[in-house]
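> Each chain, written out:
Number of protein chains: 2
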Amino acid sequence: MAVSTITSFVGGMAGSWTILSCTAMAGQPIVNAKKLNIMTGEFDNNNCNWILKGFKSNLRYTTKQEEEILDLNPSILGKPENNFAALIPIKKSEEWWLLAQDERRKILEEKSHHIEIGSRYLSPISRSLYHSRDIGEEFDFLTWFEFSENHIEKFNELAELLRKTEEWKYVIREVDIRLRK
Amino acid sequence: MAVSTITSFVGGMAGSWTILSCTAMAGQPIVNAKKLNIMTGEFDNNNCNWILKGFKSNLRYTTKQEEEILDLNPSILGKPENNFAALIPIKKSEEWWLLAQDERRKILEEKSHHIEIGSRYLSPISRSLYHSRDIGEEFDFLTWFEFSENHIEKFNELAELLRKTEEWKYVIREVDIRLRK
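Taken in sequence, the protein lines are chains A and B. If you read the first sequence in our numbering, its first letter stands for residue 1, the second for the next number, and so on. If you read the second sequence in our numbering, its first letter stands for residue 1, the second for the next number, and so on.
Please note that the accuracy of each hint is not assured.
Claimed, not checked - A few chain A residues that face chain B, going by a derived Cβ cut-off under 8 Å, partial list only: (1) Ser57; (2) Arg60; (3) Thr62; (4) Lys64; (5) Glu67; (6) Ile69; (7) Asp102; (8) Ile135; (9) Gly136; (10) Glu166; (11) Trp168; (12) Asp176.
Unchecked claim - Distance condition first, Cα-Cα at most 25 Å in a straight line; then the derived PhoX-like pairs of lysine-lysine: (13) Lys64/A - Lys111/B; (14) Lys111/A - Lys106/B; (15) Lys106/B - Lys106/A; (16) Lys56/A - Lys56/B; (17) Lys79/A - Lys111/A; (18) Lys79/A - Lys106/A.
Calculated from the structure, these hints are not laboratory results. Every residue, glycine too, gets a C-beta built ideally from N, C-alpha and C.
So here's chain A without its partners, still in its complex pose (with noise of 0.2 Å):
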């Protein structure tokens, strides 16, 4: 059997990452749990509160002008430095997963400038995008940033530029999770 590309965020008792909100920005919330572990595969588990999934795969709207830009200031998780993170699970909505390519990139980038503001903050923000809605799941992504204790203020700022955009009216579920290491 091949090897999983799948990450499980599983919220419960137990894990390395200790959670300290989860508030639903849009739609329906999730249960609290206290604790969030990181796996690498799939897992279904009775003892946990949670369990959100999802791949990495190639970016898909990024030109070669903006990754060039994206490089200079690639994205480290896992620095010492950074024991906040935040965990953000997007749903949008059918119509923009009826709209085109050419049309979803106009959205997000031309209209909305996601990769421009989050290569803004990437020296001190780290992300990783996962991808969900291919594999059945309840939300189309979720997004891990990672930060210091110094850059709280800075991530608030970012998310909330990018709550106002064009393309987050196609968000149609969001829930905001904030954790300590």
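Starting from the known structure of chain A, arrange chain B on it as the hints suggest.
Here is chain B on its own, set in the frame of chain A:
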């Protein structure tokens, strides 16, 4: 647990499709099998020769204008007259996957006319694309085509046209499996 979005193409001794030929066009062949069974969900079956898995997804390169052309001839699978089929698993090189979205789009359509070539054959040749790379499979994509006996030559023409494109220079493994219902 979420409803599985995975389709399993199971090559073995059972199934409604008889495998007529199984030809490696590039890279390693796959072992022969007599029959093909198409199942929803993931299976690990020791009684078969191989299982190829993939999921359907949103279109990742098609523009609005191209979608409108494709929509004129919707691809309908399971037509009773379409007793012939082809299953074509392909794997692209790391070089392909390291390209940015705009570079891949340029090779796929502006230089290779992949979408335009496919749409020209759409009415007699129905097809469905499954993504496999993101779930750690050996191949990156599986394409399933259905057509009538009268259109076998037409399908061969389509396959030959695509294999001559610049996009196909990035194909490092391809198997052409032909079937009859």
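> Next, verify each hint and record whether it holds.
Tested hints:
1. Ser57: holds (5 Å)
2. Arg60: holds (6 Å)
3. Thr62: holds (6 Å)
4. Lys64: Check passed: Cβ of lysine 64/A comes within 4 Å of chain B, closer than 8 Å.
5. Glu67: holds (5 Å)
6. Ile69: violated (11 Å)
7. Asp102: holds (4 Å)
8. Ile135: With a closest approach of 6 Å, the isoleucine 135/A hint holds.
9. Gly136: holds (4 Å)
10. Glu166: Where the cut-off is 8 Å and the nearest Cβ of chain B is about 17 Å from glutamate 166/A, the hint is violated.
11. Trp168: violated (19 Å)
12. Asp176: Where the cut-off is 8 Å and the nearest Cβ of chain B is about 22 Å from aspartate 176/A, the hint is violated.
13. Lys64/A - Lys111/B: Holds: lysine 64/A and lysine 111/B sit about 17 Å apart, inside 25 Å.
14. Lys111/A - Lys106/B: Since the Cα atoms of lysine 111/A and lysine 106/B sit roughly 22 Å apart, the hinted pair holds (cutoff 25 Å).
15. Lys106/B - Lys106/A: Since the Cα atoms of lysine 106/B and lysine 106/A sit roughly 17 Å apart, the hinted pair holds (cutoff 25 Å).
16. Lys56/A - Lys56/B: Measuring from Cα to Cα gives roughly 17 Å; hence the hint holds.
17. Lys79/A - Lys111/A: violated (33 Å)
18. Lys79/A - Lys106/A: Not satisfied, since the Cα-Cα distance of roughly 34 Å exceeds 25 Å.
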